[in-house]
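Engineer: Residue numbers (the working numbering), protein chains in the order written: chain A, 7 to 618; chain B, 311 to 474; chain C, 69 to 162.
Just so you know, the hints here were simulated from the structure itself, not pulled from any lab data. Predicted model only: the values in this text are computed from it and were never measured. Incorrect hints may appear among the rest.
Said to hold, decoys possible - Restraint-style ranges between C-beta atoms, simulated for each label pair: (1) B:P454 / A:R551: 21 to 27 Å; (2) A:D327 / B:G456: 44 to 50 Å; (3) B:E452 / A:G319: 40 to 46 Å; (4) C:V91 / A:V418: 54 to 60 Å.
We put the beta carbon where it would ideally sit given N, CA and C, even for glycine.
So you can see what is in the structure, the chains are spelled out below.
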Amino acid sequence: MKAMIKVGYGCNEHCTFCHTLELRSIDAEAAEVSRKIRRAKELGHTMVVLSGGEPTIRSELMHWAAEVAALKMDFGLITNGRLLSYPEVVDRLQSLGLKYVYLSLHGGSARVHNRLVRADAFEQSCGALSVLAGRPIDVTVNCVVTRQNVDHLRELVDLVMPYERIRLKFSMVEPKGGGELLFRALTPDVFDAAARVRDAIEYGESKYDSEGRLVHGAFPLCHLKGLEDRYDDLKTHGFRSMVEVGESDFFPVDDRNKAHLPQCEGCVHQGGCPGLYRGYIELRAGGERLVPSLERPRSNSFNYRFQRFAEWGEVDCPLRDGALGISPWDRGRDLLVEHRGRVALFRADTRDFSDAEIERTKLQRGQVYLDVSRKAAVDDFAADLRKLDRSPRCEGCVHQTECSGLWVPRAVDVFGPSDEDVARRIRTLRGDVLDLGFGEGRYAEAFGASAAAAQLCYTGIDPDEDLVERQRKAWPWAHLVAGTAEAWFRQRETSSQPFDHILILRSWNHLQDPAFVIAACAHCLRDGGSLAIVDNVAFGLARSRSQTDRAESSAAGLEHFRNDGAAEVKALLARHPQFELVEESPVNLLGSNQWMLWYRRRGEQKMASKLS
Amino acid sequence: MSAHASQAVGGLPAGLVQLQELHGAQGIALEIQTELFPLDAIFGASFTFIDRAFVFLDRPKETSVRVHLTLKNAASAPELNALRSLVGEFANELMACAFRLRITEENRATLESITMQAIAGAMGPPTLDELEDFDFSEEPFEDPLGIAMSWEEKYAKKSKEEPS
Amino acid sequence: MSVRIRFRRDLYPGACVDEALQVYAPYVATTRKESPDYWEVCLFEQDGDEDGPPSKKERRVAGEVSNFALGLTIRARSRGMSDELNASDSEGLR
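Just need the whole structure built from these sequences, with the hints factored in.
Structural biologist: Okay, here's the thing in structure tokens:
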């Protein structure tokens, strides 16, 4: 778990795309950095990485490395590497725990690199690679891709790949600082640049034993298909938090300088994809070239893995008043739970969900649970899970909107009531019923009773053929069909009898083409008939380390194509004026993750004659 | 009670700069039109003076902000020249802040850095305890090639040595 | 002997003024009230009264309180919290 400390913005290079161009005269006091090193330890980090500007031009470098070592943390540098061309400097730093170097090199020749960094630096940075190679230090060479070097990436591959174990990363230039001022001159089209990066990676793979050492950052994954697992950023490097010069405490590493466009909605890669730099979106359009992957299923839950306990201290709130602080914690990905006078720290590092999705799940929908089951896969929500609520201590706190919050488990079953609400409505159904995705048949008893009384004629569709076969034996009163809802509607004759009720119960997010299904429902529902849609939004589970590891290594199949809530479905149904919303029960902070929408088809109700 | 007796300062526009007593101490006040200088620039400039002056903001009119500056370590009647140079420096800093804001198109990150830098200054120098902890004995590294020299230092020096 | 400081409400969030006063509470006594445009604070030495010219200590603390409130204000602004703090101003100084 790495902490990044910016020691100042002064540098011995003057890169054209420098992020901190306006701040180069600002350097932190030595004591400020020392204070932050101690704070990094207090927050539980295991490595301190100094960055800048250029941290190696500071005369206090060895002192800080010694301080880090004295606190039993590892040491790292984000650097242009020039100083590391002195073997004796690397020897000393290594003796003080140097384990990580992220080194900037933007071209495979002096001509390209020096032009970008505006200094005679190439030989020294390359020299550093020779000095670092073969040592037990995790080294990544970072190349910022600009218009000036985009045609020379193979050259860099040939320079770096012969060094065993050194990783080479291609990063899209960010429109920030110099990158913003010189945007037109520096910034290539991101999609064209992605193609050049793909070429360089494939070239390196074919020529060298690269072992996955060629990686990329800040390019949309839909333009690097097949290389999605080569995505690399601060989080994949284990950075948890960082602090700029002058800031009084750490802040979480996040991706707020990047954004996904509306066309990315529903893309299965959204959680792991950087999207585009916000500055790029503002300064250059081109989002229409994004190609979302909508066809693959995705997860509907993620795990908060237990990290450690923190002491509460003699304070009212350990975040606002105590040692934990407010700013270091990611509002979505960190989960701090009150537990017997201590704070249990959990962390979600999943890339199946984006930061925004996790934040919405936790803070807006309140769908985080403590898993008390010890099972790898939860199968009885009411018994296995305890809902986590924001602590009463947070009420009225002025920091509520910036704080990750304290959470407390609630010993009440939140799933039962919402389930009973659906069951109660199911029991009242009469007439022809179409159930799309009936699954294990949670309401089979109610359907069976009504069918036995000749009040209901039940047709069920489910894609699981084994399940359909099994249920046919168990439910002799039902007409069951194996297949997807979409396929069933496509082969259904338009002259077929319409239905009185169509149910999509916990299968909405399993539909491949919900827009088509709704349009088809509109055609085969009688006037006055009802359409019920019930499903669950994604949720987070706070779990023990071993439980999380077991769950994440299991090969459970994914079945959800999206994690829609009621709002998304209502937006889709709004395109069909024949449906009138009768009742809705959206997800709320106090309830379960289940939502329900009950629609009525406009027109006078005419029930099927044989049953009415 | 705080008095607001004021008088013009010779050589400076009377409508903008006045000697003024505030909270019982003699200081100098500068009136700034907010349509010319954004509030963030005024706050940013104010902060850089907190270590040596008491800074107080008021709003005499909807369209202006008055910045009162009182020297921290001055005698009860500070020298006019000291106050005059204080307000002059403030005006320069205000221009610089406004310029930085403008050239970065009010880039939020930069604004934060400017203000946080100012805050860091405002929070004062490291405490004695921290200085006691500081190990000055740790030798820096040998740098025969002069690598650990800032770009500005190196190239400014070079251009002085090799005039074109 | 006292010093009266009138913080413009549209420049200084009430919470920042409040916090500054709390920090310097060990050194002086304070009274606080609010008017539509100002947070009005009166500082005076514990054993003094509210009338008469301010003492050197009162002047010094008044300056420090002003600086501290300004520091907190700019920190709140830089973190985008000033709106929230302003919203809390409706409750006045707490």
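Engineer: Confirm or reject each hint.
Structural biologist: Consistency of the hints with the structure:
Checked against the given bound of 21 to 27 Å, the beta carbons of P454 of chain B and R551 of chain A, roughly 49 Å apart, lie outside it. Between D327 of chain A and G456 of chain B the beta carbons are some 48 Å apart, a value that agrees with the proposed interval 44 to 50 Å. For the pair E452 of chain B and G319 of chain A, the beta carbons lie near 45 Å from each other, so the given range of 40 to 46 Å is met. Roughly 43 Å separates the CB atoms of V91 of chain C and V418 of chain A, a value that falls outside the hinted 54 to 60 Å.
Comparing the model with each earlier hint shows violations of hints 1, 4; every other hint is respected.
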